[in-house]
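Which chain is which? The protein sequence lines are E and G, in order. For the first sequence, our numbering gives the first residue as 1, with consecutive numbering after it. For the second sequence, our numbering gives the first residue as 470, with consecutive numbering after it.
No lab work stands behind these hints: they were computed from the structure. Note that the structure is a prediction, hence the values are computed from the model and not measured. Certain hints may be false.
[Said to hold, decoys possible] Some, not all, of what chain E presents toward chain G, calculated at C-beta under 7 Å:
| hint | residue |
| --- | --- |
| 1 | GLN43 |
| 2 | GLN115 |
| 3 | LEU125 |
| 4 | LYS302 |
Even for Gly, the Cβ is constructed at its ideal location relative to N, Cα and C.
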Amino acid sequence: MKNIVINEWKGLFRNRLFLVLVCIFTIALLLTTYLGILQNNTQILAQKEAQEHIREQWDSMDPTNPHRAAHFGSYAFKPTNLLNSLDEGINAVTGNVLRLEGHTQNDVMFSEASQSLLISKFGKLKPSLLFQFIIPLFLIFLSFNSYIAERESGRLKLLLVQGASLKKIVFSKVFSIWIIGLLLLISTTFVQLIFNTYDLSFDAIFRLILFVCSYGCYYLTLITLTVLLSLIFKNATGALSLSIVIWVMWTVFLPKIIGNTVEKISPFPTRVEFQNAMDVDRSKGIDGHNPSGDRKKELEEKTLAKYQVNSVSELPVNFSGILMQADEEYGNDVWDKHFGSLYKQLQIQKRNYQLSGFFNPFASVQSLSMGTAGTDMFHHLDFLKQAENYRRFFIKKLNDEYAFGGSKTGDRSWKADTKFFQSVKDFSYTFPVFLSFLSKYILDILFLFIWSVCLLFWLKYSSEKTIFL
Amino acid sequence: MRELHVFSYEFKHFLKTPAKVITYLFFMFACAYSIYNGFDLQNKQKQTIQNIEIENKNKVLKVLTWFEEGKSGPESKSWVDISNPYWSLNYIPTYMLKHPSSLLPLGVGQAEQYGYYKEITNWSSTYDNDMVEELSNPERLVNGNIDFSFLVIFLLPVLLIILTYNIKGLEDDFKFDKLITIQFGAIKKWIFIRFLFYVFLLIFTVVFFIITVSVINNSLVTDFSQVKSLILLSSLYIIFFATIFYFIAVYSCGSSAIAFKMISAWLLLCVLIPGSVHQFASMKYPVNYMTDYLDVNRKEAYEVFELSTDSLYYRLVEIYPALNETVHGQEDEIDNRIIRNTVCAVINEMNKNVIKDIEQQNEAKNQLIFSSYWVNPVSFVQNKWNSYTFTDYYSYKRYRSNVQKIIDKKIELLSVECWGRRKVNRSIYQQYLQEFNYDM
Numbered sequence: 001m002k003n004i005v006i007n008e009w010k011g012l013f014r015n016r017l018f019l020v021l022v023c024i025f026t027i028a029l030l031l032t033t034y035l036g037i038l039q040n041n042t043q044i045l046a047q048k049e050a051q052e053h054i055r056e057q058w059d060s061m062d063p064t065n066p067h068r069a070a071h072f073g074s075y076a077f078k079p080t081n082l083l084n085s086l087d088e089g090i091n092a093v094t095g096n097v098l099r100l101e102g103h104t105q106n107d108v109m110f111s112e113a114s115q116s117l118l119i120s121k122f123g124k125l126k127p128s129l130l131f132q133f134i135i136p137l138f139l140i141f142l143s144f145n146s147y148i149a150e151r152e153s154g155r156l157k158l159l160l161v162q163g164a165s166l167k168k169i170v171f172s173k174v175f176s177i178w179i180i181g182l183l184l185l186i187s188t189t190f191v192q193l194i195f196n197t198y199d200l201s202f203d204a205i206f207r208l209i210l211f212v213c214s215y216g217c218y219y220l221t222l223i224t225l226t227v228l229l230s231l232i233f234k235n236a237t238g239a240l241s242l243s244i245v246i247w248v249m250w251t252v253f254l255p256k257i258i259g260n261t262v263e264k265i266s267p268f269p270t271r272v273e274f275q276n277a278m279d280v281d282r283s284k285g286i287d288g289h290n291p292s293g294d295r296k297k298e299l300e301e302k303t304l305a306k307y308q309v310n311s312v313s314e315l316p317v318n319f320s321g322i323l324m325q326a327d328e329e330y331g332n333d334v335w336d337k338h339f340g341s342l343y344k345q346l347q348i349q350k351r352n353y354q355l356s357g358f359f360n361p362f363a364s365v366q367s368l369s370m371g372t373a374g375t376d377m378f379h380h381l382d383f384l385k386q387a388e389n390y391r392r393f394f395i396k397k398l399n400d401e402y403a404f405g406g407s408k409t410g411d412r413s414w415k416a417d418t419k420f421f422q423s424v425k426d427f428s429y430t431f432p433v434f435l436s437f438l439s440k441y442i443l444d445i446l447f448l449f450i451w452s453v454c455l456l457f458w459l460k461y462s463s464e465k466t467i468f469l
Numbered sequence: 470m471r472e473l474h475v476f477s478y479e480f481k482h483f484l485k486t487p488a489k490v491i492t493y494l495f496f497m498f499a500c501a502y503s504i505y506n507g508f509d510l511q512n513k514q515k516q517t518i519q520n521i522e523i524e525n526k527n528k529v530l531k532v533l534t535w536f537e538e539g540k541s542g543p544e545s546k547s548w549v550d551i552s553n554p555y556w557s558l559n560y561i562p563t564y565m566l567k568h569p570s571s572l573l574p575l576g577v578g579q580a581e582q583y584g585y586y587k588e589i590t591n592w593s594s595t596y597d598n599d600m601v602e603e604l605s606n607p608e609r610l611v612n613g614n615i616d617f618s619f620l621v622i623f624l625l626p627v628l629l630i631i632l633t634y635n636i637k638g639l640e641d642d643f644k645f646d647k648l649i650t651i652q653f654g655a656i657k658k659w660i661f662i663r664f665l666f667y668v669f670l671l672i673f674t675v676v677f678f679i680i681t682v683s684v685i686n687n688s689l690v691t692d693f694s695q696v697k698s699l700i701l702l703s704s705l706y707i708i709f710f711a712t713i714f715y716f717i718a719v720y721s722c723g724s725s726a727i728a729f730k731m732i733s734a735w736l737l738l739c740v741l742i743p744g745s746v747h748q749f750a751s752m753k754y755p756v757n758y759m760t761d762y763l764d765v766n767r768k769e770a771y772e773v774f775e776l777s778t779d780s781l782y783y784r785l786v787e788i789y790p791a792l793n794e795t796v797h798g799q800e801d802e803i804d805n806r807i808i809r810n811t812v813c814a815v816i817n818e819m820n821k822n823v824i825k826d827i828e829q830q831n832e833a834k835n836q837l838i839f840s841s842y843w844v845n846p847v848s849f850v851q852n853k854w855n856s857y858t859f860t861d862y863y864s865y866k867r868y869r870s871n872v873q874k875i876i877d878k879k880i881e882l883l884s885v886e887c888w889g890r891r892k893v894n895r896s897i898y899q900q901y902l903q904e905f906n907y908d909m
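The shape of chain G in the complex, shown without the other chains:
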């Protein structure tokens, strides 16, 4: 009963402290603003993707009209012949798109570090120039976005400090801490109940925003397990910081000392430790200039172009043994044009091999980050959060992997069709479209 009384008293105390109420409302406002920003980014991405899809459909319709009108291609390009698979496949606008997650408004994560649409050509790779992030102000990127995850992970502990630093601190300052012992008994329990009120308040606030966004974006249906995990993660995170602050309040004397220690703990966990790990990781794994990848796309690619048609023929057959069974594969003479049109398959294989090494190097750095989680819990929470909102490194790695699958598909189809000496008409073109998920 006494516990309940302390709990309800804390609620009254909170309401009667304008500084605390204003800070709390300010935090609420910041959350609303961050979520608005998240929605804004999500809508911008959706709009861009929609525009790309519309433009692609228009391009496809144009090609279909050429087939209907018996044209071989655009009038200004007389050398284009869309009945040749090389050109008809070239005239299928192929894009790999990363649709924004329904939970993006709750955590932008690393979304602004990567591109989310990629045009696939015969010469594409997953580290192309168009895989970089959208046009943005780099200084803004350094300061980061006011996104909801940032507010919960970095600012919520500061709010907790403002709400709790004078619990017991004030009593110490005015020297009536003994009075509490007389009136309530165990002072630790008294502090615990007062802390509990703020823990509940903050958990309720965060959950309220998570649920609101989930309802608006229908995430409770589409990404229920992620929503559940976000709620659990944020609650545990609040409890984690509250526990640290509770012990600081119990074992310190005076509100100044408590505030100083709490802020120091926040700085240590949110700024110093992640910064140290970051510095260490950068020393162990300096920025990768990816010279191996550059070599493949420049020197080694040009060496391949210098190879004889015979050598290229055998390299292509090695990559796709099924080419042996095609029309050209059965012919006695090698057609230089067909080989040159499909040489991109050789470069693609070279790219895939070198990219595997790059991904392994990145993975080694990530493993180092994982191993630091024991001393760096904030980065753990941050990356976990980003993984739930599909905005972490691995979400974009999956996206890169999907890009590679489409590149492989396009090049394999190109090789098989060119070697098969296919004559493309409207219906075959439509079959190609289906391969790339066009519903025309």
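If we strip away everything but chain E, and leave its shape as in the complex, we get:
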């Protein structure tokens, strides 16, 4: 088998067209990876500058009322991860800026896709684009030709007469081409490692390994399938057509159809319906600016009892601040209820999409590619969650200062000093460790594994059953 693999490579490297194509792919991959890293670094810098700019304004704020500062608010800028240069994932369509302020939980805004005309339906020329669209096609043609050429030239008969089994021949062909795909993958990862040595963590290396393994499994599936089809079909053109049709279905057609269907199975409310439902729930609570109703009375009584006084004016603290915080906490519950169910729905949709990996391994590799690069929906939701947690901390800190910082009820002109505002820590996004997310990708890993193993077994079975001579 080793001899056949070596012989196969010798044959390939003698082919000028193959050499040219491999060179083109290698250069294209290295170049796109490098350019991707450059673009990524520019984006990281821009994001850092924006965050610093906003923080600078906060730190230099003159003494002011903390509630006014809560309305002044802050911003969270979606950070760009080092591995984003491999696969951009959903970053272009989601917003990048989130306003954090009192009373309101905002949407993330200013997506890249909304800032210009449409350029590419398949995304930027990142390594993932080459890995998902170009290299698979190259591997299909390579593996198709590899077996068919042997058969049509009559060399296959010669090899079989010399004692080699058909099983050994086809497996040698599969592995020799698969190794070429792996080499292209590893060289890209190598470039990624070289240019990012300054910030490489164990997590990043683990992500890269999984990235390579998932594409490796996918390529093995594609190559095995193509060789299998060329073994089963006596008609070479038929085998090739079917391979291409399957590839188009997997990469272009099914992801859209399934994505659409998944969203139709559990449709979202319109933004206006969603907002109205939240407003209705919110109105049942305490309006910080319009303190009335039972909840407010209840809170007032509780506070008076706690401080053992008869009226809010006697309180040693500012009741308005306590009221604002109670309003916030009620708003947080409303947010948890509505956004919680929305995020749950998004996760259900994602799981349903992942299930399509059962008949479309491309869905699994795409999901793992975005996941390992940290640019999929799970990572986006994690950013939103961390930003919301920070907003809660931020507003509570301001409300607590208003309530317990030294002012009394009705003292609207009271101001906290600049030092206090500087002491409020800034938003800092902690990129999740992949292992903590691993369970979310089990389906993808499983399906890719099953596809490659099943096809290898099928190929083994077919090659044993095929009577050639």
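Start from chain E and add chain G according to the hints.
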């Protein structure tokens, strides 16, 4: 005569090749499905808009009842006085709506990247939080929608490959290409006629769907020139790809080589070149975090709120010189309440200035995209198509511009009426309603 014979033979050949017929029918089914999706989106947008309009009318009717009953506003909000223009204008639900085009089922374009309804308040701007897209699954947005334009622009060339890759390729494979030369003469002409059949078939298919949607949505009357342009664009696009594939078929040998080259051409034109341009554009114009806009809405807005009433008075008069002629404009003392109620006009002006810069930055990126059309024809066709179905960037830019016009109108009316110390009654309120196109 021989040409006609080859043409009709190709038709028979097509009918007798199950793989080709199935692929073609599959494409037809996908087109029907994509159009159904388009109609679904269109109906959803129409329904949402209708709901907003109904709700707004109900809100207006409620205010009219307050006038009739002599109430000053909702019972729970004692501070509201609808006889004051500030409150009566506040109680006119103002929305700017982008009604879906009748051709939306033929191309969703960038429609899912933007919002299509916007509530206008005194503090609104065209880059507000509620200008973002509808709630949707971002991973679905990345994969895109199966819409008709996608099928024509990206999948139709693949269908053409499946239909034509063995024209001459098969003859090469079986080594009877010489026979064709003997029987027909010029092999290039023979390939050309066979290609012609598929070009006609695909043009007919695409035109059939365009006309069907146009008839259903009455677009032949409302958007005739767009329908005409879509037909022309799609036909030229099919011819463009057919020409490339024709030359590949003529100058290549064997169906495998032809298929490989055709698919490579498709990848190059539909995936690689647009992807490269996209990457280049992103490097030249990275994602805009719009910090200037954020500054205006936060730091600079708060600086304005800190300004003295006198300064604000003069800034307002500078924006609307006509305020000098109003009742308050003629008074000796400045009314702090009126100034504070109309300070939104100052913020609006600041927003407009900064948004102009943002739009210019976006335009610079678009200019780069335009200049790439010579090497990136697929993006050209895609954006042209979207412009015909009113779902491209510029359609939404026009929508943003209309939003700004309504904001300006609302704020100017608010300023003039507040400074005019108008006492609002039912009939004046109805005049306001007419200003915002309410038919009550």
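Hints violated by the structure (numbers, ascending)
4
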